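Engineer: Residue numbers (our numbering), protein chains in the order written: chain A, 15 to 438; chain B, 15 to 438.
Wrong hints could be hidden among the right ones.
Not the full set, but computed from the structure, chain B residues with beta-carbon under 8 angstroms of chain A [unchecked claim]:
1) Leu112
2) Asp114
3) His353
4) Thr436
Among chain A residues calculated to face chain B with C-beta under 8 angstroms, some are [to be verified]:
5) Gly139
6) Asn269
7) Ile272
8) Tyr330
By construction, these hints were calculated from the structure, which means they are not laboratory data. Here the structure is a predicted model, which is why all the values come from computation and not from measurement. C-beta atoms are modelled at their ideal positions from N, C-alpha and C, and glycine is treated no differently.
2 protein chains.
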Amino acid sequence: MPSGAARYCGVVQISEQAERAKAASRVLATANRQRKDAALAAMAAALEAATDEILEANAGDVGAARAGGTGESLVDRLALTPARLADMARGLRELAALPDPVGETVRGWRLPNGVRVEQVRVPFGVIGMIYEARPNVTADAAGICLKSGNASLLRGSAGCLRTNRVVVAALRAGLEAAGLPADCVNLVEGGHEVTGELMRARGLVDLLVPRGGAGLIRAVVEGATVPVIETGTGNCHLFVDASADQDMALAIILNAKIQRPSVCNALETLLVHRAIADDFLPKALDALTGAGVTVHGDGPSRAADARIVPAGEHEYEAEYLGLDLACAVVDDLDAAVAHIRRYSTGHSETIVTADAAAQRRFTDEVDAAVVLVNASSRFTDGGQFGFGAEIGISTQKLHARGPMGLTEMTTTKYLLLGEGQTRA
Amino acid sequence: MPSGAARYCGVVQISEQAERAKAASRVLATANRQRKDAALAAMAAALEAATDEILEANAGDVGAARAGGTGESLVDRLALTPARLADMARGLRELAALPDPVGETVRGWRLPNGVRVEQVRVPFGVIGMIYEARPNVTADAAGICLKSGNASLLRGSAGCLRTNRVVVAALRAGLEAAGLPADCVNLVEGGHEVTGELMRARGLVDLLVPRGGAGLIRAVVEGATVPVIETGTGNCHLFVDASADQDMALAIILNAKIQRPSVCNALETLLVHRAIADDFLPKALDALTGAGVTVHGDGPSRAADARIVPAGEHEYEAEYLGLDLACAVVDDLDAAVAHIRRYSTGHSETIVTADAAAQRRFTDEVDAAVVLVNASSRFTDGGQFGFGAEIGISTQKLHARGPMGLTEMTTTKYLLLGEGQTRA
C-alpha cells in the first residue's frame with residue numbers, strides 16, 4: 015500500500031526512494047540463489063574496480079574529519095585502506111557462499127479437511143539501516159540484505175558521505191551488471207529530518223535496524239513507527255561463584271575484558287562471591303592491573319584489594335568500552351542475580367562456577383540474550399556462532415535475540431493450498 | 015532494570031504495578047508446567063465460584079452502556095451470560111491441556127572449541143494487552159499469558175471495568191490458591207494517560223499486544239516505545255482467475271463473505287479476471303444478493319451485472335466487516351496482484367485457479383501473512399490451524415506473522431556452556 019502509506023505518514027523526501035526500493039524488493043524476493051550470488055560477486059568486482067575512486071573519496075572524508083577535530087580513534091574507523099577495501103569485497107563473496115535462507119519450509123501440516131499448510135521463509139521487503147561512521151558497514155549491510163532477499167535503504171553518517179556515495183554507486187553498478195535492479199541498494203542522503211522520515215515510513219520500510227551507540231538506538235526506538243530491531247548495547251557481567259575454579263575465572267575475565275575492550279560483548283562488571291573475595295580479588299587485580307585495567311569497586315571489594323578505586327551508581331550503569339571494569343562483592347547467587355537484573359542491558363551475562371545447582375539457577379533466572387557458563391562473553395558473536403555473517407546482536411526479545419545472521423533478516427508467510435475447502 | 019527504566023521514561027502511575035508484575039513474572043518464568051496448569055484450573059474454578067458476583071457486575075456495565083446510548087450489537091459483545099462465563103472457565107481448562115511452549119530447545123550445536131550452544135524457548139516476561147469491550151478476552155488473555163509463562167497487564171475498556179474488576183479478582187484468587195503470585199494477572203485502571211504510560215514502560219513491559227479496531231492499533235503503533243505486535247485489520251481479497259472452477263469460486267466467496275462477516279478474515283474485495291467477468295459475475299451476484307450482500311464495483315463489473323452499485327477509492331480501502339463487498343474486474347494476474355499490493359493490509363489473500371503457473375506466481379508475489387489457493391480465508395485462524403489457543407492474528411512481519419498461539423507469546427535465549435574456553 016505505498017500510496018496510502020505515504021499519504022498517511024506525510025512522508026515526502028524519503029517516499030520516492032523507498033517506493034523504488036519497494037519495487038526492486040519485489041523483483042529480488044523472487045530471485046533465486048544463483049541470481050543473488052551472481053549479483054554479490056558482481057558487487058565485489060565493482061568495488062575492486064572502483065578502488066582508486068573509493069580511496070580518493072575516503073581521503074576527502076578523513077581530511078574533513080581531521081580538520082573538524084575528530085579524534086584519531088574515530089578517524090581510524092572511518093579510514094579505508096586497500097586492504098580494508100579488499101576485505102569488503104571478500105565479505106560480499108563470502109556471503110555468496112552461504113546458504114540462502116529464503117524459500118525454506120519452516121513447518122508444514124495438513125488441516126483435518128485436507129488443506130495443506132506451509133510456513134515458508136520470505137524476505138521482509140525493504141530494510142532500513144541507520145549506522146555510524148564505518149564505511150565497511152555499507153557494503154556488509156547491503157550484502158546481507160541482498161542475500162536475504164531484501165532491498166536496503168542505507169543511512170550512514172554525514173562524515174562518511176563522500177565514501178558511501180562512491181561505494182554505493184559501485185554496488186549499484188554491480189547489481190545492474192548482474193541483471194538485478196540497482197534500487198536493491200540505496201544510499202539515503204539529507205538532513206536529520208530524513209532520518210525521521212525513514213523511521214516513520216510505514217508501509218514502505220518493513221524493518222529498521224539501528225547499529226551504533228546507545229544514543230542512536232534510543233532515538234530510533236523513541237521515534238520509530240516502523241518495526242525496529244534494537245542492537246547492541248552491552249553492560250555485560252561476570253559472577254565468580256564461591257565454587258569457581260579461580261584460574262579459569264581469571265582467564266575468562268581477562269579474555270572478556272581485554273581481548274577487544276571496545277565491543278559490546280566485552281566484560282564491564284565483575285561480581286565476586288563474598289566467601290572468596292579476599293582470596294580472589296588480589297589475584298584478579300594482579301592480572302587486570304598488569305593488563306592496564308582500572309577496577310572501580312564498592313567498599314567490600316576495596317577492603318579486599320586497595321588497588322580498587324571507588325565506584326558509585328554510574329560505574330555500575332556504564333558500558334565502558336575501554337580498559338575500566340566495575341566490581342562488587344555480593345553475598346550469594348541471589349545477590350548476583352539481583353545486581354544483574356538491576357543493571358543488565360540484556361546482552362551477555364556469565365557465571366563461573368563448578369556447582370551444577372548454581373549453574374542451573376543462573377541460566378534459569380538471568381534474563382539476557384546470551385547466558386554463559388564457564389566461557390568468555392566474547393563468544394556472543396555471529397561469526398563465533400557459525401552464522402557466517404552478522405548484522406548485529408539483538409538485545410530485544412521480539413523476533414530475534416542475540417547474534418543475527420541471514421535467517422534473522424527474513425520473515426515467514428503461510429501458504430494454504432486447498433481444493434475448494436470452505437469452513438463449516 | 016526496573017528502577018532505571020522507570021526513571022528514564024518518567025513513568026509514574028503504571029510503574030509500581032508493572033514492577034510487581036515483573037517480580038511475579040520471574041517466579042512464573044521458572045514455574046514448571048504442572049504448577050501453571052494447576053493455576054489455570056484454579057483460575058477456572060474461581061471464575062465459576064464468582065459467577066453471581068461477575069454477572070451482577072456485568073449487569074452494571076450493560077446497564078450503563080444502554081443508558082449511555084450504546085448500540086445493541088456492542089452491548090451484546092459486552093454482556094455475559096452463565097453460558098458465556100462457563101465458556102471462559104472452559105477456555106482456561108483447555109489451555110491447561112495444551113503443551114507448554116517454555117523450555118523447548120529450539121536448536122543446539124557445539125562450537126569448534128567444544129562450547130555447547132543451546133537456543134531455548136523462554137517467556138517474554140510481562141505482556142501488556144490493550145483491548146476493547148469483550149470481557150471474555152480478559153480471561154483468555156490472562157490464561158494464554160500464564161500458560162506461556164508471562165505475567166499480564168490487562169487494559170480493557172472503561173465500559174467493561176466493573177466486570178473486569180470482578181473477573182480479575184477471581185483469576186488472582188485462583189492464582190493464590192494454586193501458590194503462584196496474584197500479580198501474574200493485573201488489571202490496569204485509570205484514564206487515557208495510563209494507556210500512554212503502558213505503551214512507554216520500557217524495561218517493565220516486554221511486549222504489548224493491541225487487540226481491536228484499526229484506530230486502536232494505529233494509536234498503539236504510533237505511541238508505543240515498547241515492542242508491539244500488531245494484530246488484525248484484514249482487507250482480504252479473492253481473485254477469480256480465468257481458469258477457475260467457477261462453482262468452487264462461488265462456494266469459497268460465499269463462505270469467506272457470509273460465514274461470519276464481522277471478523278478480520280472475512281472477504282472484503284472480489285477481483286475477477288476480465289475473460290470470465292461477463293459469465294461469472296451474474297452467477298456471483300445471484301448468490302451474493304440472495305445472501306443479502308451489497309456489491310460495490312467499478313465500471314466493467316457494473317457492465318457485467320447491473321445489480322452492482324458504484325464503487326470508488328473508499329470501497330476498495332474499506333474493511334466492511336459486514337454484508338458489503340467491493341468488486342473489480344482486472345485484466346490479468348498482474349493487475350490482480352497490483353490491486354492487492356495497493357489495498358491489502360497483509361492479512362489473507364486468496365486466488366481461485368486451476369492453473370499451476372498462476373498459483374505459483376500468486377503465492378510468490380503476494381506479500382501477506384496468509385496466501386490461500388482454492389480455499390476460504392476463514393481458515394486464517396489459530397483454532398483452524400490447530401494451535402488450540404489464539405491471542406490474535408499478526409499482520410506485521412516482525413516476530414510472528416499470521417495466527418499467534420502460545421509459541422508466539424515466547425522468545426528465546428541462548429545458553430553457552432563451556433569448561434573455561436576463551437576467544438583466541
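Engineer: All hints, please: hold or fail.
Structural biologist: Verification of the supplied hints:
1. Leu112: At 16 angstroms from the nearest chain A Cβ, Leu112 of chain B fails the 8 angstroms test, so the hint is violated.
2. Asp114: This interface hint is violated because 15 angstroms lies over the 8 angstroms limit.
3. His353: Nearest chain A Cβ about 11 angstroms off; hint violated.
4. Thr436: holds, 4 angstroms
5. Gly139: holds, 7 angstroms
6. Asn269: holds, 4 angstroms
7. Ile272: violated, 11 angstroms
8. Tyr330: violated, 10 angstroms
The structure is inconsistent with the numbered hints 1, 2, 3, 7 and 8, although it conforms to all the rest.
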